[in-house]
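**Q** Given next are the chains, with one letter for each unit.
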Amino acid sequence: MKDINKINSLLVATLLVLIALAPMALAQSTTGTVNMSGTVSKFVEMNSAGAVTLTGNSGGGITTNGTLNNPLAVVINLGELGPANTNSFVTASVPLKLRSNAAYVLSMASTVTSTGTTANRITSADVGFGLGSVARTGVGVNTTGTDTNATSGDPTLPANGSVNATTGRYNFTAVRSNLSAFAASTTAMNGSFIMNAVPRANSNGLTVPAIFAVKPQFYENGSTTVSVTFTVTAP
Amino acid sequence: MKKSAISIPILFCLLLIGGLSTAPAQTFDISSGGTPTITGNVSGSVVGSSSNTSNLNVVIDFGEVGPSNTNPVVKVVVPIAVRSLAPYRVTATVTGGNNSNPQAIQRSDVGFGLDNLRRMGFLSRTCNNSDHIFYSPFDNDPSSNVSYNAFGRATYPGDLGDIGSSTTILSGPTLSFLTAGRLSINGYIFDAIFTMTPQFYASGTTTTVITFSIASGPNVPC
Numbered sequence: 081m082k083d084i085n086k087i088n089s090l091l092v093a094t095l096l097v098l099i100a101l102a103p104m105a106l107a108q109s110t111t112g113t114v115n116m117s118g119t120v121s122k123f124v125e126m127n128s129a130g131a132v133t134l135t136g137n138s139g140g141g142i143t144t145n146g147t148l149n150n151p152l153a154v155v156i157n158l159g160e161l162g163p164a165n166t167n168s169f170v171t172a173s174v175p176l177k178l179r180s181n182a183a184y185v186l187s188m189a190s191t192v193t194s195t196g197t198t199a200n201r202i203t204s205a206d207v208g209f210g211l212g213s214v215a216r217t218g219v220g221v222n223t224t225g226t227d228t229n230a231t232s233g234d235p236t237l238p239a240n241g242s243v244n245a246t247t248g249r250y251n252f253t254a255v256r257s258n259l260s261a262f263a264a265s266t267t268a269m270n271g272s273f274i275m276n277a278v279p280r281a282n283s284n285g286l287t288v289p290a291i292f293a294v295k296p297q298f299y300e301n302g303s304t305t306v307s308v309t310f311t312v313t314a315p
Numbered sequence: 142m143k144k145s146a147i148s149i150p151i152l153f154c155l156l157l158i159g160g161l162s163t164a165p166a167q168t169f170d171i172s173s174g175g176t177p178t179i180t181g182n183v184s185g186s187v188v189g190s191s192s193n194t195s196n197l198n199v200v201i202d203f204g205e206v207g208p209s210n211t212n213p214v215v216k217v218v219v220p221i222a223v224r225s226l227a228p229y230r231v232t233a234t235v236t237g238g239n240n241s242n243p244q245a246i247q248r249s250d251v252g253f254g255l256d257n258l259r260r261m262g263f264l265s266r267t268c269n270n271s272d273h274i275f276y277s278p279f280d281n282d283p284s285s286n287v288s289y290n291a292f293g294r295a296t297y298p299g300d301l302g303d304i305g306s307s308t309t310i311l312s313g314p315t316l317s318f319l320t321a322g323r324l325s326i327n328g329y330i331f332d333a334i335f336t337m338t339p340q341f342y343a344s345g346t347t348t349t350v351i352t353f354s355i356a357s358g359p360n361v362p363c
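In the order they appear, the protein sequences are chains G and E. In case it helps, my numbering puts the first sequence at residues 81 to 315. In case it helps, my numbering puts the second sequence at residues 142 to 363.
Warning: the hint list may mix true and false statements.
To be verified - Heads up, incomplete: computed chain E residues facing chain G, CB under 8 Å, no partners named:
#1 197
#2 205
#3 207
#4 271
#5 292
#6 330
#7 351
Said to hold, decoys possible - What follows is a list of derived Cβ distance ranges for each label pair:
#8 E:236 - G:224: 16 to 26 Å
#9 E:363 - G:281: 18 to 28 Å
#10 E:269 - G:224: 24 to 34 Å
Claimed, not checked - The following residues of chain G were derived to be distant from chain E, with all beta-carbon distances above 10 Å:
#11 108
#12 111
#13 115
#14 116
#15 123
#16 141
#17 169
#18 198
#19 229
#20 237
#21 242
#22 243
Source of the hints: derived by calculation from the structure; they are not laboratory data. We treat Cβ as the ideally placed atom computed from N, Cα and C, and that holds for glycine.
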């Protein structure tokens, strides 16, 4: 009788196992799915495209230079801007590098403050400004993209300024050729997307020099500080 | 009395075994192989069952794959369980994922590979006369094999662009003992690896669906 009970228990256990397995055995499928998605947000950035070039200066110098592919934080001392400086212009060229995966807008805002108190002090209109030649070169750059330069280019070009026949003061006369046009944030350039689908580690991009110039003149003596902020957006 | 005491359970067992054998049990099964994982993501996620007896139904969100994600790659590992009572093949089919803008994400921007085939348990069948084969170019971890084409765009040995309609990615001999039913101990698990390199893609969102299937494969001996 004990043997029979043992056999019975074994069979019942087997039965339970089979019962447990039965529904699982029917739970089969020969297909499965993986759904995937990803998002790409608009992206823009601006960095230094290298060292600043300062020419025509008397004294002064580059206090904090631009470092390639690092955030732009340049400090320049233009030196003597009075008639003791006999150069035609004191010019600073600041290389910018822009990168984006969407159409971009480069804006600029500036402030000019002087210790002078008369109309003969250096004002924002006395600081010439323009963006130079745009370069879209290198692997991964959208070389067929187009850009619209809203400035008149190099402010020292003869076409961009002249001596005022009435006042005798040199004026930067072309469209957006001096900082008075950028007292508030104003578009300096815009264009189509800059980078093709390449990793951010690709260091190429759009480069353009931001050119600042002052014509040495009989300004009121004192010191002047010019602060410029560039902003790039993807509207 | 003694005979009936024994015969009733035996009868039940026989009926049940008979029922199982006549039930429409399949020779092949594919299911989740465990919890999927994601690394290198920004605002991404992956959702799938942790149980290897659940259906394979995984949702991957790679998250941000534009340049604001500064990680070198976004990597997703999806364990997939397979069971069979006969030689098998696993195929993959892709839908979606292409874009008319060449700078937007394409199928070829998603690296795809297979790795780490392993036994599930004691009812996993070991065959000494044939190998389980990951098919080229999917026989690698794409996250470890990123290269760049002449345009500077990231590429992989295998990607979703290499998958057409029902492309074989894995085959081999019988996987299971006794049953290919959905048990946790009677088949094999492999990792399907998906990789994306954050790049200056055109902005937007891309959706892709991959369907894995298991069916009869090359008639190889166990």
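**Q** Each hint needs a verdict: does it hold in this structure or not?
**A** How the hints compare with the structure:
For the restraint placing residue 197 of chain E at the interface with chain G, the shortest Cβ-Cβ distance is roughly 2 Å, inside the 8 Å limit, so the hint holds. Checking residue 205 of chain E against chain G by beta carbon gives a least distance of about 6 Å; that is within 8 Å, so the hint holds. Annotation: residue 207 of chain E was flagged as interfacial toward chain G, and the flag holds, the nearest CB pair being 4 Å apart, inside 8 Å. The restraint placing residue 271 of chain E at the interface with chain G is violated, with a minimum CB-CB distance near 21 Å, outside the 8 Å limit.
Because the smallest distance between the Cβ of residue 292 of chain E and any Cβ of chain G comes to about 6 Å, under 8 Å, the interface hint for this residue holds. Interface hint status for residue 330 of chain E: violated, as the beta-carbon distance to the closest one in chain G is roughly 13 Å, over 8 Å. Nearest Cβ of chain G to the Cβ of residue 351 of chain E: about 5 Å, under the 8 Å cut. The hint holds. Range check, residue 236 of chain E to residue 224 of chain G: Cβ separation about 32 Å, and the 16 to 26 Å hint is violated.
Between residue 363 of chain E and residue 281 of chain G the Cβ separation comes to about 48 Å, which falls outside the hinted range of 18 to 28 Å. Taking 24 to 34 Å as the suggested C-beta distance range, the pair residue 269 of chain E and residue 224 of chain G does not conform, at roughly 59 Å. For residue 108 of chain G, the non-interface assignment is contradicted: its Cβ lies about 4 Å from the closest Cβ of chain E, within the 10 Å cut-off. Listed as a non-interface residue, residue 111 of chain G fails to keep its Cβ farther than 10 Å from every Cβ of chain E; the least gap is roughly 5 Å.
The Cβ of residue 115 of chain G sits about 5 Å from the closest Cβ of chain E, inside the 10 Å cut-off, so the non-interface label is violated. A beta-carbon of chain E comes within 10 Å of the beta-carbon of residue 116 of chain G; the shortest separation is about 4 Å. The non-interface label for residue 123 of chain G is inconsistent with chain E: the shortest C-beta to C-beta separation is roughly 5 Å, within 10 Å. Against the 10 Å criterion, residue 141 of chain G stays outside the reach of chain E, whose nearest CB is about 35 Å from its own CB.
Distance check for residue 169 of chain G against chain E: the nearest CB is about 38 Å away, which clears 10 Å, and the non-interface claim stands. Look at residue 198 of chain G: its CB is around 49 Å from the nearest CB on chain E, clear of 10 Å, so calling it non-interface holds up. Non-interface call for residue 229 of chain G relative to chain E: holds, since the shortest CB-CB distance, roughly 23 Å, exceeds 10 Å. At roughly 34 Å from the closest C-beta of chain E, the C-beta of residue 237 of chain G stays outside 10 Å, upholding its exclusion from the interface.
The Cβ of residue 242 of chain G lies farther than 10 Å from every Cβ of chain E, with a closest approach of about 43 Å, so its non-interface assignment holds. The non-interface label for residue 243 of chain G is consistent with chain E: the shortest C-beta to C-beta separation is roughly 47 Å, beyond 10 Å.
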